[in-house]
Amino acid sequence: MSDVSMNDGPMSDVPMSERKLVGRAVRRREDPRLLAGRGRFVDDIALPGMLHAQFVRSTVAHAELASVDVSAVLEVPGVVAAFTAEDLELGDIVAQLGRPLSEFVPTAMPVLARDKVRYVGEPIAIVVARDAYAAEDGLEAAKISYVTLPPVMSEEAAFAADAPLVHAEAAHNTLVDVSLFATDGIDGIFTSAPCVVEVDTRTGRQNALPLETRGAVAHWDDREEQLVLHTCTQIPHQVRTVASRCLRLDERAVRVVVPDMGGGFGQKCVVGREEIAAAAAALRLRRPVKWIEDRKDALTASFLAREQHYRARAAFDADGRILALDTDVVCDMGAYSCYPFTAGIEPLMASAEMPGVYKVPAYRVRGRAVTTNKAPTGPYRGVSRPQYVMVMERLLERAARELALDPVEIRRRNVITDFPYTGVNNITYDPGSYLESLNLCELLVREEGWYEKQTAAAAEGRHLGIGYACFSERTGYGSAAFAQRKMKVVPGFDISEVRMDTSGTVSFTTGTMNHGQSHETTMAQIVADELALDIAKVRLHQGDTDRITYGFGTFASRSITIGGSAVRLAAAKLGDKLRAIAAARWDITPDDVELTSGAARRRNASDVLTYEQIADIAYLQAHLLPKDIEPGLSVTATFDVFNDGTFSNATHGCVVELHADTGQVEILRYVCVEDCGVAINPQVVEGQCRGGIAQGIAGALFEQVTYDAQGEPSATGFMDYKVPTAHEIPDVLIHHLETPCAFTETGAKGAGEGGTIGAPAAVLNAVNDALRPTGVELDHTPITPETVHRALNGAPSLELSS
Amino acid sequence: MNTDPVVTHPPLQLIALDVNGEQHEVITEPRRTLVDVLRHDLRLTGTHVGCEHGICGACTVLVDERPVRACLMFAAQAEGARIRTVESLSDGDGGLNDLQRAFTEHHALQCGFCTPGFLILADGFLAERPDASKEEIREVVASNLCRCTGYQTIVEAIDACATARRGACATPCDMSAGKEH
Ligand code: FES
Ligand code: FES
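If you read the sequences in order, they're chains X and W.
For reference, each letter of the first sequence is one residue, going 1 to 802 in my numbering.
For reference, each letter of the second sequence is one residue, going 1 to 181 in my numbering.
Same shape as in the complex, but just chain X (with noise of 0.2 Å):
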C-alpha cells in the first residue's frame, strides 16, 4: 500500500531547504486560487468591446455546398459580421506525415468548410455578435443548400466497392495503411502451433469529454502588433504555428496564452477550427472576440477518438507461452486527420506498441485508418492503449480457458522479466516490474477474499467476475522516438528557462502545458530541490509563447518525464553560477560551495552568502563579477530522450457483480498496482490513476458516440451521453511500486494515462469471468446492460452485429 505521507505540506516548521520535496505529497500550489472561484479560465476573460461568436455548422453529414448565403444573419438584433470561408480567405490546416502516398494520404481540413462538408457539426460559417445569445440567435438565420452525398458511416461502408469517397483524393476512404514487422515464418508459427486463438473486437467512438469546452479569445493588440489569442489548448506552441500559417501572419505576430484549463486529456492536444476563425474574425473586425464551444457541439463537432476494430490472432505453445501475434486494426478516424498527428495517431500507435508487456517473438500488424462522416478523431488519453491492451489480455484469457490455465499463471508466463528488452516491434523497454505487479495485484484482490465472495456468491446464484490487466505505457517518447513515426513535426525536447531576481526568487518555464496534472506543483518541488530553496520562493510560468521559446505542450505522459527533466537541468545550471559567483568572492573553486537554505556556503567554514546577496552581486553589483561570468541570473537548458523511452507499468484488478434482472455491471472492487518509476509527488499520482481509472471504466461501460444511418449524431448532451458519476466509480486501492527510470533526472516515468490505458481490459475480464457459466464471451466495449442480459439469460448475442 502507498505510504504516502500527508502531513508535509509546504507550510511546515522543517526549513525546507533541509528535506527533499521531490516523494513527498506537497499541497498544491493550483488548489487556492481553484477553491475560491479565482481561476481564470478562458470562458472568464472579458475584454473591453469583446464580441462572441458561434458557428452556423453543418446539419448534414455529407454534401457539396451549393451556396451559404449569411445576408439574412446580419439582419438579426445584435448580430454585427457573419464570415464564410469565402469573406476570410483562410490557409487550411494540414497535418503531415513522412511516409509515402500508399501509407498516408495527407488531406487538407479547411478552417470554415468551403466546398463540401463531411460531418454534421462541421463549421460554415462564424456569427459574430454583442453577446452569445443574440450570435445563437443568428445562427437560426443562416441559409445553407447542400446537394447531399450518401454518408460514409462505416469502417464497412468506407471499403466498400461503391463506395463515395470522404476525400476526393483518399482512395478506399484510407487514410494510412502500414503493414509492420511481419518476422519471418510467422505463418508457419500459426500453422504448427499447438493453440492459436482470435478475436474481432471493436471498441465505441468516445469523447474525452473535458468538463470545460474548447473556447478561446482573440484580438489584435496594436502596440505589440500582435493577435493575442487565448485559448485552452495543450499546445500552445503548435496553435500558434498553425495561426499564424492558416492567417499568413509572421509566428512572433501570433501570441498564444493559455488560461486555467478544465481539463483536456488530448481533446484539447490538436489545432481546432473554431479558434483560428474567431482570430480571424478579431483581425476583421478589429474588437476582441469569444468563442465558447456549447456542450451539443462539443459532444457531436470536437474531436473524438476510440473507434476501432481489431481482428487479432495468437499462437501458444502448450505451456501458454506466445509464439506469435498477428492483428489487422482499423481506425475509424472520421471526416479529418488533426493536426499535428494526423490520422495516423491511432492505427500507428497502436501497431507500434501493441506486442506491450509480453514476450512475443512474432509479429505482424497491418493498421489502417479510415475515414468516414463523422466528427474528426483526436488524441484521448491513452491513444489506441487502453483497446490494444484489451485485445491482447483478451487473446490470453482465450488461450488461458484453451489451455485450462489460470488467466494470472498464463500472464506470469509471458511477461517480460529480463530488462532492458528488445521487443520484436524493435522497441527497447527499460526496467519496469510486470510481474511484480501482477503477483502483489492478484495478492491484493485473493487477501481481500475475492477468490472466496465469488463462489460463495455462484452457490447462491450470484454473478460475480474477478478480471486482471496488465500493461506497461511507454512515457517520455523524445524526439528520436516520434521521429520513428515519421512525424513531420517530431515532438521530443524541452527547453525550460530558471531565472532568479534580485530578491533571490525563482520564476521558472516549461514548455509543457498543464491542465490538472499538477505541474505548478510537482515542477517547483523539482527546482525548490535543486536549488534548496523554499518552494514558495519558485514559481512555474507555462502556456504563453511569449514568455515560453518553444515547447510541445503536455501529451503522452511527457511532461514530468521530460519538462521535469528540462526544468531539473535548467535549475541545476542556475546552481553552478551562483555557486560560481560565491566562489569567486570567496576566492575559492566552486566545488568548495554547497547551496543549502537559500544561500551559498563554504564547506568547512562559516561563510554564507544568501541567494538575494548573491543576485544583488549578479545584477546590481556586475563590476565584482570576475570577467568569465556574465553578469544576470538566468539560464535555460534543454533535455530529449535518446532512445526508446521510459515504460511505466502497472496491473489493474477488478471485481463485478453482474445483475441477471438489469443487466447491469456493478464494480465492487477495483485495486491497481503501479510504478510509475520515482513518484515525484505520490498524492498527484494517486489522482492521476484514480481519474484515468474512472475514465477508462466510462469507456468499458457508459460512452459511446453513434450515430443514425444518415450521420445524425445521437447525443446531443448528458442525458445520452451517459459520463458516470460518483455512482458508477467505485474507489480504488491503489498500491505503488517503484523502479526509477535511468535516464530522466529525477528517475521518473509518466503517470498520466495509464489508469485510463488498463480499466477497459479489466472490466471485460472480470465481466467474462462472471459469465463464465453461461460460456459466453464477450469482446466489444462499452459493455451495454442489454449484452450483459441477454448474456445472462441465455439470449443469442448481439455483439457482432454492432
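The set of hints was computed from the structure by calculation and includes no laboratory data.
Even for Gly, the Cβ is constructed at its ideal location relative to N, Cα and C.
Honestly, I wouldn't trust all of these hints.
Label-pair distances were calculated between CB atoms; the ranges are [what the hints assert, rightly or not]:
{"hint": "1", "chain 1": "X", "residue 1": "T549", "chain 2": "W", "residue 2": "H53", "range": "41 to 51 Å"}
{"hint": "2", "chain 1": "W", "residue 1": "P130", "chain 2": "X", "residue 2": "E448", "range": "31 to 41 Å"}
{"hint": "3", "chain 1": "X", "residue 1": "T610", "chain 2": "W", "residue 2": "H53", "range": "55 to 65 Å"}
For chain X, the structure is supplied; the task is to place chain W with the ligands on it using the hints.
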C-alpha cells in the same frame, strides 16, 4: 428578411439580486440565465458552466441556502432570494474555509473546473445534513460530474470535513465556525 419570432428584439428589464450579501442591480434580457448574469454581468466567474442543461452541476449555487443549477434558472427568477456562490466561502484575504482545506488535503481537485460546483453542493448539503454518512455524501456527490478525479477524493474530502465539524461540535459549538482563518 428575417421572420423568425425568436429574434425580435428582446426587451430589457432591471432586476435586483442579492449575491453573497451584496445588492446588485442588473439590466438584462429576461431570457438571460442566472449563471450568465453571475459570471458575465457581475463578474463572479467562480461559478462555471459545463453543460447548460442541468446535468453536470458545475454551475451549482445556493439559492436561499439550497443548491440550485444556475444554468436552469433565469436571473429574473432569483430576485428576492439570497444567492450564494463559491466566492462566499473564503474570506477576503483568500483564506480557505475547512471544506476548501479538506479538498486540497485530499487532492479532491485536479483541473478545478468542477470544484466550485462540488464545494457549493457540499456546503448546502452539510448545512442541512451535518450528520450525513459517507454513503449519503457519495449519493450527493453523484449529482455532479467531475472528469478528472474519479470522485473518491471528493467524497473523502467532504466526509472528512463533516467528521471534523462533528468532532468540533461534540463540545458545544457554533455552526458558523466553519470559516477558519
Ligand atoms: S452548467 Fe448547469 S448543470 Fe451543467
Ligand atoms: S477536477 Fe477537473 S472536472 Fe473535476
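Checked hints:
Judged by the Cβ atoms, the range 41 to 51 Å given for X:T549 and W:H53 holds: they are separated by roughly 42 Å. With their beta carbons about 32 Å apart, W:P130 and X:E448 fall inside the hinted range of 31 to 41 Å. Separation of X:T610 from W:H53 is about 57 Å and conforms to the stated range, judged on CB atoms against 55 to 65 Å.
Checked against the numbered hints above, the structure violates none of them.
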